[in-house]
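Residue strings, one per chain:
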Amino acid sequence: MHKEIRFSHADLMSVESPGRYTGGEKNQIIKADVLAQLNERGECDAVRTAFCFPDVYEIGMSNLALQILYKVLNSEDYTSCERAFSPWHDMDALMRRKAIPLHTLETGSPLSEFDVVAFSIGYEMAFTNVLQMLDLGGIPLLAKDRTEKDPIVVCGGPVAYNIEPMADFFDAVFMGEGEELDLEFIREIKKYKDAGKPDRKALLRQAAGIDGVYVPSLYQPEYKNGRFNGIKPLDNAPAVIHKRIIKDLDSVIFPDAPVVPNNNIVHDRAYLELFRGCIRGCRFCQAGYIYRPVREKSVETLCRQGIAIEHNTGYDELGILSLSTSDYTGLRELTDSLLAAYEGRHTSLSLPSLRIDNFALDLMEKVSQTRKTGLTFAPEAGTQRLRDVINKGICEEDIMSALKIAFAGGWSTVKLYFMLGLPTETMEDVKGIADLAHKIEDLYYDTFREMGIKPRRPEITVSTSMFIPKPFTPFQWEAQNTREMFMEKQTYLKSLIRSRNIRYIWHDLETSVWEGILARGDRRLCPVILEGYKAGSIFDAWDDNFDYERWMSILVSHGLTREMFTDGIEAGAPLAWDHIDIGVRRDFLLRERELAYKEVITPNCREKCSGCGAQCYKAGLCYETR
Amino acid sequence: MRQDERSYLMTTQQHQTQYICRTLFSRKGAISYIGHLDLMKVIERAVRRAELPILYTQGYNPRPMMVFALPLGVGINTCGDYVDVAMSVPVPAEEFLEKVRPQLPDGLEFIHAINLDEPKNSIMSVVSCASYRLEARGITRPLLKLFAMDEIKIEKKSKKKMVDTDIRPLMIKPLVTDSEDVIELLVYAGSTQNLRCDVLLNALCLHTGYDRDDADNCIVTRTALYGGEYPDIVGIENLV
Numbered sequence: 001m002h003k004e005i006r007f008s009h010a011d012l013m014s015v016e017s018p019g020r021y022t023g024g025e026k027n028q029i030i031k032a033d034v035l036a037q038l039n040e041r042g043e044c045d046a047v048r049t050a051f052c053f054p055d056v057y058e059i060g061m062s063n064l065a066l067q068i069l070y071k072v073l074n075s076e077d078y079t080s081c082e083r084a085f086s087p088w089h090d091m092d093a094l095m096r097r098k099a100i101p102l103h104t105l106e107t108g109s110p111l112s113e114f115d116v117v118a119f120s121i122g123y124e125m126a127f128t129n130v131l132q133m134l135d136l137g138g139i140p141l142l143a144k145d146r147t148e149k150d151p152i153v154v155c156g157g158p159v160a161y162n163i164e165p166m167a168d169f170f171d172a173v174f175m176g177e178g179e180e181l182d183l184e185f186i187r188e189i190k191k192y193k194d195a196g197k198p199d200r201k202a203l204l205r206q207a208a209g210i211d212g213v214y215v216p217s218l219y220q221p222e223y224k225n226g227r228f229n230g231i232k233p234l235d236n237a238p239a240v241i242h243k244r245i246i247k248d249l250d251s252v253i254f255p256d257a258p259v260v261p262n263n264n265i266v267h268d269r270a271y272l273e274l275f276r277g278c279i280r281g282c283r284f285c286q287a288g289y290i291y292r293p294v295r296e297k298s299v300e301t302l303c304r305q306g307i308a309i310e311h312n313t314g315y316d317e318l319g320i321l322s323l324s325t326s327d328y329t330g331l332r333e334l335t336d337s338l339l340a341a342y343e344g345r346h347t348s349l350s351l352p353s354l355r356i357d358n359f360a361l362d363l364m365e366k367v368s369q370t371r372k373t374g375l376t377f378a379p380e381a382g383t384q385r386l387r388d389v390i391n392k393g394i395c396e397e398d399i400m401s402a403l404k405i406a407f408a409g410g411w412s413t414v415k416l417y418f419m420l421g422l423p424t425e426t427m428e429d430v431k432g433i434a435d436l437a438h439k440i441e442d443l444y445y446d447t448f449r450e451m452g453i454k455p456r457r458p459e460i461t462v463s464t465s466m467f468i469p470k471p472f473t474p475f476q477w478e479a480q481n482t483r484e485m486f487m488e489k490q491t492y493l494k495s496l497i498r499s500r501n502i503r504y505i506w507h508d509l510e511t512s513v514w515e516g517i518l519a520r521g522d523r524r525l526c527p528v529i530l531e532g533y534k535a536g537s538i539f540d541a542w543d544d545n546f547d548y549e550r551w552m553s554i555l556v557s558h559g560l561t562r563e564m565f566t567d568g569i570e571a572g573a574p575l576a577w578d579h580i581d582i583g584v585r586r587d588f589l590l591r592e593r594e595l596a597y598k599e600v601i602t603p604n605c606r607e608k609c610s611g612c613g614a615q616c617y618k619a620g621l622c623y624e625t626r
Numbered sequence: 627m628r629q630d631e632r633s634y635l636m637t638t639q640q641h642q643t644q645y646i647c648r649t650l651f652s653r654k655g656a657i658s659y660i661g662h663l664d665l666m667k668v669i670e671r672a673v674r675r676a677e678l679p680i681l682y683t684q685g686y687n688p689r690p691m692m693v694f695a696l697p698l699g700v701g702i703n704t705c706g707d708y709v710d711v712a713m714s715v716p717v718p719a720e721e722f723l724e725k726v727r728p729q730l731p732d733g734l735e736f737i738h739a740i741n742l743d744e745p746k747n748s749i750m751s752v753v754s755c756a757s758y759r760l761e762a763r764g765i766t767r768p769l770l771k772l773f774a775m776d777e778i779k780i781e782k783k784s785k786k787k788m789v790d791t792d793i794r795p796l797m798i799k800p801l802v803t804d805s806e807d808v809i810e811l812l813v814y815a816g817s818t819q820n821l822r823c824d825v826l827l828n829a830l831c832l833h834t835g836y837d838r839d840d841a842d843n844c845i846v847t848r849t850a851l852y853g854g855e856y857p858d859i860v861g862i863e864n865l866v
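Each protein sequence line maps, in turn, to chains E and U.
Going by the working numbering, the residue at position 330 of the first sequence is 330; the numbering climbs one at a time, nothing skipped.
Each number in the working numbering corresponds to the 1-based position in the second sequence with 626 added.
Worth flagging that the hints you see were computed from the coordinates, not collected in a lab.
Don't take every hint at face value.
Claimed, not checked - Simulated pairs of lysine-lysine, DSSO-like, Cα-Cα distance not exceeding 27 Å:
#, chain 1, residue 1, chain 2, residue 2
1, U, Lys725, U, Lys654
2, E, Lys193, E, Lys71
3, E, Lys31, U, Lys654
4, E, Lys31, E, Lys193
5, E, Lys193, E, Lys144
6, U, Lys654, E, Lys98
7, E, Lys404, E, Lys415
8, E, Lys31, U, Lys725
9, U, Lys725, E, Lys71
10, U, Lys771, U, Lys799
11, E, Lys404, E, Lys454
Let the hints inform the model, and build the full structure from the sequences given.
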């Protein structure tokens with residue numbers, strides 16, 4: 001018998017935020033026929049997928065990909081999808097103590113009962129939580145140990161583009177956008193299930209024929225002198241796996257009735273996705289390359305979906321999502337239409353990733369029912385030289401003129417995001433960060449002096465994170481700064497910030513170093529991650545749980561070093577992700593790297609096509625302008 | 627001051643006419659494991675989904691105007707709680723129920739509603755007592771033993787140190803029971819004096835030796851809310 005809540009009352013009352021383990025939210029999907037079959041014979045005809053998010057409920061439920069694929073995987077009569085999240089430390093301990101398997105919210109079925117267990121992984125630091133969920137779910141951690149009785153374990157998400165450090169744990173990995181690909185894969189599983197699950201290996205060989213599906217066990221890596229030296233397909237597996245995209249975002253399925261959590265989650269609002277991809281091409285930004293080509297949804301589609309979502313969820317805030325909201329061609333028309341539709345319902349729009357100009361400030365004033373919150377800028381680097389290196393198409397005058405308008409309009413809180421450790425960075429560039437912050441402070445007081453008003457104190461926050469070279473960017477060959485170098489730059493910057501109006505906060509150094517190792521890692525890291533998990537590492541993204549020294553000692557005990565993964569890579573050397581094709585070509589990335597060294601800006605996709613290779617998809621911006 | 631209390635005061639000060647739907651609701655199962663603020667949001671969103679002419683609070687952050695009789699703690703079920711939902715134009719109680727019911731998540735039910743125009747007192751200010759049903763193995767006898775005591779001291783954390791308080795004056799009386807494992811009782815509730823059931827269960831373990839595991843598994847359901855001064859108490863649906 002399948003029941004909703006597998007925990008006793010006392011179990012739930014003994015943990016933090018029990019609401020995250022109970023499900024029962026508005027718009028959750030439980031297919032009546034599937035449930036009836038399960039209760040009758042413990043089995044069903046549809047392919048059952050447990051959609052797993054390797055972090056807590058409150059973070060997973062804020063993820064749009066989860067809401068989209070949950071709907072996709074419940075959209076056909078041969079599919080059924082339920083959700084599971086990482087239990088927090090307290091519940092993890094309780095489940096181990098009482099031998100309660102990790103189960104889905106919808107029917108309380110243990111993960112081991114599903115045909116497919118699918119992970120959406122957004123960041124490397126969630127790797128150990130994947131193992132936690134498999135372990136608690138009663139599924140063998142290593143793909144090679146699984147039998148016909150075990151679920152097929154798959155994953156997707158931005159991290160999938162270099163999944164090598166986790167390759168031993170997944171049966172199949174999906175490259176790119178899942179709306180079509182996931183269903184093609186499930187249809188293959190349906191045939192396999194109908195046939196009585198005869199041969200797992202044969203199924204995976206078959207699945208490897210689906211465009212965008214990567215079956216790690218069908219590839220054999222080689223190493224030479226402590227370096228990755230290429231990967232070979234076995235059994236006639238495709239030599240290259242191509243990223244999948246959705247060509248027409250207007251006609252693809254979109255969750256206009258997403259699940260509405262009962263308890264407060266991290267981003268507690270409805271979401272609307274304006275477009276995928278980004279025209280900007282900042283050279284450090286992986287998202288800017290892997291999501292190419294830029295594809296917009298039409299204003300009509302977005303209005304229809306925006307109205308439906310607000311009606312179906314009851315949320316009083318709609319988040320407008322994209323990598324760079326100001327670059328959406330119909331932004332003014334869209335916001336005007338939505339605000340008109342929400343008239344009298346007190347629904348506000350939240351617009352992150354706006355480029356601040358007159359229009360943006362005006363818009364922010366209009367859309368937000370609340371007080372003037374802070375303004376956020378991401379100059380990323382302190383000097384114009386370094387901003388040109390990273391192709392951040394923003395100059396000091398842009399920031400200053402926007403801020404002058406903002407200060408005059410009553411804003412007094414500014415957050416500035418920077419990165420330390422960018423390629424070619426010198427101490428002069430680090431100093432530039434402090435200089436910029438002080439100039440902004442001066443601008444604040446000057447603006448008020450001109451207006452003849454005595455201002456209140458401004459709040460300027462400078463935040464630095466550490467640059468991590470990511471695969472599929474022009475900086476994928478760069479060396480990452482060491483912990484000591486980061487420390488030196490941080491301390492130097494701290495010493496330069498003298499004003500009490502400026503606050504300096506920084507991202508944890510050690511997690512960044514570890515993330516850098518994972519980001520460009522290869523399969524030699526699989527046993528390291530496994531051992532780290534067994535030693536107790538989970539929720540590595542949460543600083544208090546992260547144990548740097550332990551990770552380093554495990555790494556060394558496997559005959560590996562930090563330098564193997566964070567040093568610079570020769571341009572000609574094989575990369576652990578060379579067998580994945582995202583459309584953007586290697587020679588383009590190399591060209592961009594050269595331009596970076598020459599401090600030359602590359603125009604954005606709308607100004608001029610730079611021939612990155614993404615036009616091979618014959619979709620979106622590349623296609624329209626051709 | 628509670629969030630709903632503050633918004634109630636703000637809105638009444640603006641002299642807006644409020645057409646109240648005073649609603650009796652119940653909750654059990656999944657939805658019982660969220661706190662009061664989360665439950666407010668859940669009901670707020672359900673009412674918004676129902677597309678009713680809701681009255682919004684004034685100020686920077688307008689919210690649907692709703693007042694709860696008494697907050698519900700995490701893990702507490704109810705079949706006797708009330709919420710006043712304010713409309714800007716009259717909406718018949720039947721229509722209100724018909725529209726909101728399909729919008730409620732699992733485990734939450736709107737049982738009954740009545741129309742009230744311009745109540746003189748806010749619903750939260752009239753609550754004085756509440757009845758609870760406790761379901762746990764063998765709980766009846768020890769609980770009756772507790773009622774037989776003159777004084778029930780428990781340690782309570784004040785600002786800095788632990789202080790002894792007597793909870794006996796907050797317990798009014800046990801209500802009829804014919805089971806060893808289920809008992810209903812009447813206690814003081816509201817903003818002036820209030821007895822929480824987790825405190826009562828702690829006292830039960832401390833003073834009668836009742837089993838801790840059984841207490842932890844005790845299902846607590848609030849069954850009714852009353853106004854007036856004991857023994858002259860009346861159900862709060864009638865107090866306006």
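Quiz item: So which of the earlier hints does this model not fit?
Solution: none
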